[in-house]
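Undergrad: The listed protein sequences correspond, in order, to chains A and B. Every number in the numbering used here is 777 more than the matching position in the first sequence, counting from 1. Every number in the numbering used here is 777 more than the matching position in the second sequence, counting from 1.
Don't read these hints as lab results, they were simulated from the structure. Don't take every hint at face value.
Identical chains share a label here; the pair holds if one copy fits it or two copies do between them.
As the list claims (entries may be wrong) - Below, a list of computed lysine-lysine pairs in the DSBU-like style, where the Cα atoms sit at most 35 Å apart: (1) Lys1509 x Lys846; (2) Lys870 x Lys1084; (3) Lys1375 x Lys1192; (4) Lys1111 x Lys1529; (5) Lys807 x Lys1451; (6) Lys1451 x Lys1290; (7) Lys1192 x Lys1509; (8) Lys1216 x Lys1186; (9) Lys846 x Lys1620; (10) Lys846 x Lys1529; (11) Lys1309 x Lys984; (12) Lys1187 x Lys957.
2 protein chains.
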Amino acid sequence: MINTTASKKFPQKFVYSFGAGSAEGSAKMKESLGGKGANLAEMSSLGINVPPGFTIATEICGIFYANGKKLPEEVKRDALKALQNIETNIGKKFGDHNNPLLVSVRSGARASMPGMMDTILNLGLNDTTVEGLAKKSGNSRFAWDSYRRFIQMYSDVVMGMNGSLLEVALEDMKDHKGYKLDTDLTDADLKELVKEFKKKVVEETGKKFPEDPFEQLWGAISSVFESWNTPRAITYRNLHEIPEWWGTAVNVQSMVFGNMGDDSATGVAFTRNPSNGEKYFYGEFLINAQGEDVVAGIRTPQPISKKAAESSSLKSMEEILPKAYEELVSIYKKLEAHYRDMQDIEFTVEQGRLWMLQTRTGKRTSAAALKIACDMIDEKLITEQEALLRIDPSGLDQLLHPTIDPQAKKTLLAKGLPASPGAACGRIVFSSEDAEDWKGRGEKVILVRVETSPEDITGMIAAQGILTTRGGMTSHAAVVARGMGKCCVAGCGEIEVDYKREELRVSSYSLRKGDVITLDGSTGEVFLGEVKTVDPRLDETFDRIMKLADANRRLKIRTNADNPRDAKIARQFGAEGIGLCRTEHMFFDADRIDVVRKMIIADSTAEREQALDQLLPFQRQDFIGIFKEMQGLPVTIRLLDPPLHEFLPHTDEEIEELSRRIAVPVEKLRSKVKSLHEFNPMLGHRGCRLAITFPEIYNMQARAIAEAAAEIVKGGQTLIPEIMIPIVATKKELSILRANVEATVRDVQKEKGVKFDFLIGTMIELPRAAIIADEIAECADFFSFGTNDLTQTALGISRDDAGRFLGAYVSQGILERDPFVSIDRQGVGELVKMGTERGRKTKSDLKVGVCGEHGGDPNSIEFFNSVGLDYVSCSPYRVPIARLAAARANILSRGASKK
Amino acid sequence: MINTTASKKFPQKFVYSFGAGSAEGSAKMKESLGGKGANLAEMSSLGINVPPGFTIATEICGIFYANGKKLPEEVKRDALKALQNIETNIGKKFGDHNNPLLVSVRSGARASMPGMMDTILNLGLNDTTVEGLAKKSGNSRFAWDSYRRFIQMYSDVVMGMNGSLLEVALEDMKDHKGYKLDTDLTDADLKELVKEFKKKVVEETGKKFPEDPFEQLWGAISSVFESWNTPRAITYRNLHEIPEWWGTAVNVQSMVFGNMGDDSATGVAFTRNPSNGEKYFYGEFLINAQGEDVVAGIRTPQPISKKAAESSSLKSMEEILPKAYEELVSIYKKLEAHYRDMQDIEFTVEQGRLWMLQTRTGKRTSAAALKIACDMIDEKLITEQEALLRIDPSGLDQLLHPTIDPQAKKTLLAKGLPASPGAACGRIVFSSEDAEDWKGRGEKVILVRVETSPEDITGMIAAQGILTTRGGMTSHAAVVARGMGKCCVAGCGEIEVDYKREELRVSSYSLRKGDVITLDGSTGEVFLGEVKTVDPRLDETFDRIMKLADANRRLKIRTNADNPRDAKIARQFGAEGIGLCRTEHMFFDADRIDVVRKMIIADSTAEREQALDQLLPFQRQDFIGIFKEMQGLPVTIRLLDPPLHEFLPHTDEEIEELSRRIAVPVEKLRSKVKSLHEFNPMLGHRGCRLAITFPEIYNMQARAIAEAAAEIVKGGQTLIPEIMIPIVATKKELSILRANVEATVRDVQKEKGVKFDFLIGTMIELPRAAIIADEIAECADFFSFGTNDLTQTALGISRDDAGRFLGAYVSQGILERDPFVSIDRQGVGELVKMGTERGRKTKSDLKVGVCGEHGGDPNSIEFFNSVGLDYVSCSPYRVPIARLAAARANILSRGASKK
């Protein structure tokens, strides 16, 4: 329920009139008037012809609920006054027998919630006013048709009657009379139908259909307020993060009719093409129709302008209703110039006269958003900063990946999580080996796994896309796929995978290895067979916006990259360095994983060091490759992080195979696997804890980094490697390991006779580390917030296990968003803020960044900008998104600080 | 290395003289003088006969290290002045050929570190002074024996020579001469030996033994400073939490000799009996001996007083040296009255003259501590508050459990963690079933498991003690055993358990089911066979101290109890309520676990509710039992906390058995077990998260609590049940569940026609909850900090997995203490403080407690007192400890606030 006391004040004014060239409200008052009401008021004030009406403020919605779902008398009183205003303006009278005023009653929240709430049209009709309308309009059929429509709508929406019952009565009559279309019904038929309808209403609801127009009005207004809390409205609000307490306004407006003959029409239009952004008047209309007919799709709408008609066989409004069209063009230009953005408008022509019913900012594709933004800068309509604010950063994803052809026919098999965007099509395989084999044979494959582990990396690289049946948006498959810019649908629980039979089962389908499917990683959909995809195009508008973003941001953008390939992609997308290079992924390559395993099962330090010596040249080559690729940009390398058991095989079969390969008894391997087992690996023996107990591991890695750096520096390239130590919880961990790493790097510098600067810093990814950040900063040259693990520990939620309840948490509003996708500002954010402030209390110039998944999320980036981080680091394909998001955050915060 | 700049200032004074009735230092200056030096100064000032000497301050230790392990000239200068002082006082001269002054050089840190650092006696002897000593003492053998002892000690300690080489030379001479005892050596032999020793020293060290007494002195002083950093000293410091930067002082003191004939003697004594606290002079001495002989155990020491001689065949000092004894008695009385505490003293009688060598606060058993404290109150020597500060709360554990008879002979098998104190003896069994069976047959058993799970509860109850080979101080076995007050040795990794062969193997032993072992839960030791144990006795001094503690504490003490039995024990120990009643343990009883499982595998809400309906009467009875037992004291009941998979069987065999029992297909069970598997159960679907997805579980529990409360209240007992919701991270979780619980309780009240008050609160056990405690407090009637889980999440350490690195962390000083035993004040403590402050910002009278393991740890209790919690809750057997610790914390904090 709405909490009236906490969330809003009692409003000064309940009802706002508009129409006839003036209005009590304006476009700025969306909070009270809702989007529709505010824009109707604005258009009125601009002298645009709007059917007169009034808006009951959103604040009344809360009061309505607090008042036991009754309209307060004060509201009714003011509404009646406003109704008189309409009557005066339009020269009709509500409930008048001869010249009755009819009104529409519509919802209108701050944010658009299309179709989610209720609408009632033609209100004010009854058995006497219908005759007045017939007489006045000279169209008896029109009047009676309006009346039967009103009864249908009202009984459904306000009286709670099952709408299909009246629909059945209408169909029965058509059958009985042998009609096909509703328009075949004569005015006599309609009169009979109205009688029939009213009888049914009494039978079903036990109440008479209200004849009193005022009773109708209060009923309709109440119903619109009540429709704020229908299940579908609540679901929509949750989905779009619209707070419950906002409430809806109610708009009561004089009816105008586009269905009063061939000089009448109704239409919707955009001031520019919303799909590609081209600058011409774009839209559709229907002669002799009401608004709902345009949307309903029964008749094919006609194009608005000649330009829009080029690809159509139908005539345009420009040709059919030139006068109204001319007026409409002048209005759309006025509106676009006034709102300084592309508008989505609705209009009706009633017997030649143009009425504007709505204007709002038009939704557009990402490509269109870029084009419109650039054009409007050139037209000097908006500033560069405004242009950046017009583009949704997340939408850029659409532009960076192949997408499903919107025209294509498709059979949906299942829907999982949209884990990594783009589209992919290929033959299904169930193992990484098959993925590589089939790829080798020139096949495109989709790797299907219950879930992926680091050992699946090669298969993931070989595949076009990845489909998993378990795990969330931040599962291994999702994280790695996003890093690769590869399409992934994760956690698709409907699908059952049978590894043994190499089968995938979902509903009635059963697919075998080699069958073709298509994934849409942007929606999470899985389709049967091949669905056509469209390749991405990055044009000059994209480059222009990116450059503008760079000029307007404060945050640096780095990337998470573990190999030269990813590093290259990220640099092409504008990354200014590597914020997170995970060294463990390098351990999984086929030519070294067994050496890693030897290191792990070593019984002594000497034995372990021997294996590490073998790993050293591999690691050195890894780093040389990455350093070269980054051409002097900063590279932050995180030393080994995961617990050692992640590198060991687990099934008996794998253990036996490994035993043969490395000539270590099965029993020894098994007992090592068992002894390394952890109950909660996330909170286990990992990261710097490994290095405290086995210092030689980090020493080898530090040596590999230093030797690589020495080679690069000798080659004449500048380089300042940044070595990062994970899972630090105490200052002493860092001081011990820092000393070891420092000594190793200095040793190498002496051996190689090369000097270079290097930094040693730490991840802040445990609550304790954030709390004692002032102490830790004494030993750290930089901080990087690992917000993935910080979220897991601060909230006590394992991201691998959260699937069973996180959905319920978001849908019940317990968490605003998935905290692994968008940072939990209140909890985790507070720790980031605390860690930054305390760290900088010790070192005012401490470099602070973030390298969790949140580094690529626009909402999180806004937060990171606000707490003064120096950079964010994200997966290569999110770099452009981050650049734009950082610019927007910076522009918005400067705006906020000016206020 | 010692950080001289950060930790200490450059001292004003380097050297402090004492002796002959005056001193430059005092007992208050332990920080600079160390314990020994401070007390020597104090005794001097009291006019007690102390061999004159001087103390080089602890601050010089840091300077010594900073100065490249060299004594600064200023220090030498002042030491020489102080040496002249000694010469004047004693009438001997250092290095003098006729009447040489000999000195001892001893360490002395702030805290006693017995035997950990170096000592040199008889310093100042060389080839000429030895003759002077011989002449002056009239005892040539004594002089040469002193000389050879000095060479042995000095060459070992200062010159770093392997001490056994000289020992061998001595033994060789004895063999050669046909002697048995050292005392058989004549002065001629000793002269020869000294020559031989000096030769060996040159051979081994390449250096001549220093003849110059001053060179000897500086060498000895430096060596004592260096001995601050020997491995054994470092280990001891880590063990006893003594900071490295404290450093040691060096005491240089004129030698006195208890081995100059039958009118000489040396001894140690306590002013009261340290083992039972009785008030009489207690100690031992040896005629014609040096201090080391008393400790060495070669000769049997004689009792000091007649009273102490009652149980001895030997004569007392009171009889043999009545004059010196009389003087000693007057001194010990003076010292005890002066220090107002029981003293541990050392003395030497040199040719009839009594010299005091040391006084310090005497260590005592817990029983003695209680007795002495009570007696001293009665003697008006100390206040009640001081008495409480004299007793170590942790020591009370000794009094509450049976203990190993200290006299008993025993064979140590292995050593694990002292997980739950007390001693237990019985036949080993390897399963809970066997434990119950054998118990039924009248056998005493020890349950041996790799680790325990909640299903082992019945076996643990049946057993005398529990031994596990895996898991730490806070593993399931440890926590549950402490809760039961039952002896437990945990994580005894040396022992290998073979369930199949029902065997336990350790070193060369192999024990079968039925073999007898004895556990010492206070030390972690496991002994072969039966070792005699001693039962605890709680006498009136215990009661008196407890009452005093109650009168002096602010914190309330509650207990963690899940059943009437534990509740009763805790109440007898003085618990003022239950702070944590875990409902999940109730689910494991044989007669209900299968119903719980049916609930878990239910496919629908209806099916689940059906199983819950069956559980309801069981839970209601549980609560009635506990409420009755607590007789109106507050009872906090935590609703279900662990993830559901904890209740399911895991092995194929168990699953098949369950399948037969509850008639559910094996496949269904297996797939349920699989689907509920979690990667990190600690961070999984548990606590309130279960209730968000399955509200019916908490609703059943709330109903059971309410129905139980209704019955109790109808019976005339007052009761305010406190219902606690675990793992809350957001306000909304609590508000949703609070509403459900509240509605259920109100329903029951209506049904039963009974009214009673009840509280609904939450655990604060996640960092996020502490951060947003102000918001959460809006929905909570109370907070209880779950510091176990808060420690796991704040530090990112799983307590079940920490065993592999926590030891290294504590020994390397990365963590001061095991954070699961004693609260990490800096990290977790900060969250407790933050949570309390923020919670009370919303509700100033919010009741706040703690129910983690830390609630029974004295150091943690001090912290909880300081941040203003209302109560701590601990296992029943720790209630007395907590009562005393709370009083001490309160007294200390009042003292601190007065300053």
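Undergrad: Does each hint hold? Answer for all of them.
TA: Checked hints:
| no. | hint | verdict |
| --- | --- | --- |
| 1 | Lys1509 x Lys846 | between (62 Å within a copy, 25 Å between copies) |
| 2 | Lys870 x Lys1084 | neither (42 Å within a copy, 119 Å between copies) |
| 3 | Lys1375 x Lys1192 | between (42 Å within a copy, 31 Å between copies) |
| 4 | Lys1111 x Lys1529 | neither (72 Å within a copy, 71 Å between copies) |
| 5 | Lys807 x Lys1451 | neither (63 Å within a copy, 52 Å between copies) |
| 6 | Lys1451 x Lys1290 | both (34 Å within a copy, 25 Å between copies) |
| 7 | Lys1192 x Lys1509 | between (48 Å within a copy, 29 Å between copies) |
| 8 | Lys1216 x Lys1186 | within (27 Å within a copy, 73 Å between copies) |
| 9 | Lys846 x Lys1620 | between (58 Å within a copy, 33 Å between copies) |
| 10 | Lys846 x Lys1529 | between (81 Å within a copy, 34 Å between copies) |
| 11 | Lys1309 x Lys984 | neither (55 Å within a copy, 91 Å between copies) |
| 12 | Lys1187 x Lys957 | within (32 Å within a copy, 104 Å between copies) |
Violated hints, listed in ascending order, are 2, 4, 5 and 11; each of the other numbered hints is respected by the structure.
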